[in-house]
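Enquirer: As a plain string of letters, each chain reads:
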Amino acid sequence: MSDPIPARPTRLGVGPQQRTDAWAGLKAIGPLMPGSALFGMAFGAVVRVAGIDPWAGMFASVSVVAGASQIAIVEAIRTGAPAIIAVITALIINARFALYSAALAPIWAAFPRRWRFGLAYLMTDQAAVVSLQNADAYPDPVRRRWFTVGAALPFVAIWWVGTAVGILLGPVIPAEWQIGFIVPLMFIAVMVPGLKRPAEFVTILVAGAVVLGGKDWPFGLNVFFGIIAGITAGAMFEPWWDKRRGAREGNDPLPGTDPLPEVGP
Amino acid sequence: MTVWLILIAAAIGTYLIRISGVVLLRDPERIPEPVQRALRMVAPAAMGAIIINSLFLDAGEWRSFGAWHIAALVAIAVALWRRSQGWSMLAGAAAFAVLLIAGL
Chain Z
4 MSDPIPARPT RLGVGPQQRT DAWAGLKAIG PLMPGSALFG MAFGAVVRVA GIDPWAGMFA
64 SVSVVAGASQ IAIVEAIRTG APAIIAVITA LIINARFALY SAALAPIWAA FPRRWRFGLA
124 YLMTDQAAVV SLQNADAYPD PVRRRWFTVG AALPFVAIWW VGTAVGILLG PVIPAEWQIG
184 FIVPLMFIAV MVPGLKRPAE FVTILVAGAV VLGGKDWPFG LNVFFGIIAG ITAGAMFEPW
244 WDKRRGAREG NDPLPGTDPL PEVGP
Chain A
2 MTVWLILIAA AIGTYLIRIS GVVLLRDPER IPEPVQRALR MVAPAAMGAI IINSLFLDAG
62 EWRSFGAWHI AALVAIAVAL WRRSQGWSML AGAAAFAVLL IAGL
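Sequence lines, in order, name chains Z and A.
Following this note's numbering, the numbering of the first sequence begins with 4 at its first residue and continues without gaps.
Following this note's numbering, the numbering of the second sequence begins with 2 at its first residue and continues without gaps.
DMTMM-like mimics (lysine to aspartate or glutamate), calculated; alpha carbons at most 25 Å apart, straight line: (1) LYS218/Z x GLU78/Z; (2) LYS246/Z x GLU34/A; (3) LYS218/Z x ASP59/A; (4) LYS199/Z x ASP245/Z; (5) LYS199/Z x GLU34/A; (6) LYS30/Z x ASP139/Z; (7) LYS30/Z x ASP143/Z; (8) LYS218/Z x GLU62/A.
The hints are simulated quantities; they were obtained by calculation from the structure and are not laboratory data.
Isolated chain A, as found in the complex (with noise of 0.2 Å):
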């Protein structure tokens, strides 16, 4: 049950958010540079966070090093260098298939 609220008070904040600068907005400027610049931040933080918490820790213990980070160097290093989601998915999960074939 309490998993149904929280996904209806997500969705409703998120269409919120969604449509707020469409409804209130003709001109984008009107968004102050610091908000602008905290918003830009948005991403990374959050999608930072997460990797990060998925990659060392698993159910509140270190996660042993292994396949997962090892699997995750390749991928951000070929995103970095080709610059390419693709490129960068399809390299991190080759990588991981093998190091867990090899027994990582």
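For reference, chain Z alone in the conformation it holds in the complex (with noise of 0.2 Å):
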């Protein structure tokens, strides 16, 4: 898998192995493609149902790169919330990459800095779990680097043509086809095909009564106490949980085995 890279014939500075590296980081995120550009365009299309600058929300895409956290400040927007709920609101949202970044970390060490810094933008949930997944499989850091690129930038690039397309079509899709109901199915698509420990059931149950209980809250802070709480709850079950079950089972508590959610861009 790691032969030492060839000498260079290149193009625009890329070598033929490196784009051969690129190449198999495309081949590998290649099935979810579909999803970053249909989230992307719900997301263009959700921009212009609440009347939100079509340039703010391709700069949104452009910018922050993170979906779920991008409709949140939209819906923040749209309800009216104050700018700094909408902000910390995003921020939490998106504290799960601090995961990917640790994660990252030791298989990007090798990695010139700006091109971590590069890559480090480009770091949808997506791209990094290609990434860390297929590691072992790139030792040497020149390859692995191309890679991380191949798969990681494709993916984002999709997500911006998305978004436009959506921002433009936004306007012309009929209100009967209530196209605001690829919020809950998107994510529904993203995130529960994933869901495995009970604790994740837990975190989900306490946010989602905290929302339904936060209805008549102003300013979205429903969902954002619903965020707050769910985590709270779900951190809270899930050592007592492990516990108990290392009691019943007479094993030691599992720590946990699965180091990432696999959740949407």
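Work from the hints to combine the two standalone chains into their complex.
Expert: Right, here's the structure in full:
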């Protein structure tokens, strides 16, 4: 898998080996690309439905590059939330990237600084998972970084294209289609297939109960506190559950075995 | 104007989160286990909250039972059964389209 890099006739400074590795990255993330395009379109349409400046919507996809938080921001703006609530909600949703960043740190340690800073900007949930899963197949750091950029960059590029298409199409989609349904549908598709831990179900139930209980709170605060309550409940439930299961089965409590949730852009 | 400021703040904050580990850490074990555990719950909490908020509430009022709820149940069932993002999306969208055409 990891032949040394051959002498390279380059095109635009990119040799054939690098192109091959980047192409392999693209193929690895390929099955997830339609989701990125669709989600981008959904976000673009949601921006128009909320009556937000289309350029701001496009800027969100280019600068924030994290769909769930972008939709939360749009929802916060639509419901007239204070700016600080919108920002904090978005950052809490994106706090999960700290996990990826920590997991990727040793894998990217040998990359040049500008590569690490650039790839971090492109690091979506999907690209992080693909990069982690294929790290062992690319022990050579140069080949590994080209594989990683081959996976991460097209995934984000298709997210931008999707956003632009959604912004353009948003106003012409008939209201009867109720395009807003894409928001719960997309998150169901992204989140539910990866659900395994009992603590995750506790998290969702508690978050949902607070969201509905706080229905009359202003500024989307029900979502904000729902997320906080869900995280707290799940994080408290898990050690208790592991200990209980450990005691029942006479085993040591299982530590978190799978380090990463597989979730959306 | 506020919209742009919100986006710029969110973009900067999100980027700082993304580079946090890559810049600061060489060893993922240095994130304490309780913090890791909380971070693992962020995705289900955030997505669960957004799903339930958009499914059951509409502009601060209860959404009347209908196509949204049924199609969401279809998507969840298929997601748990096939463990596939693509099939879940497809099934949910198809169910929603059929229900809308059926007039629900």
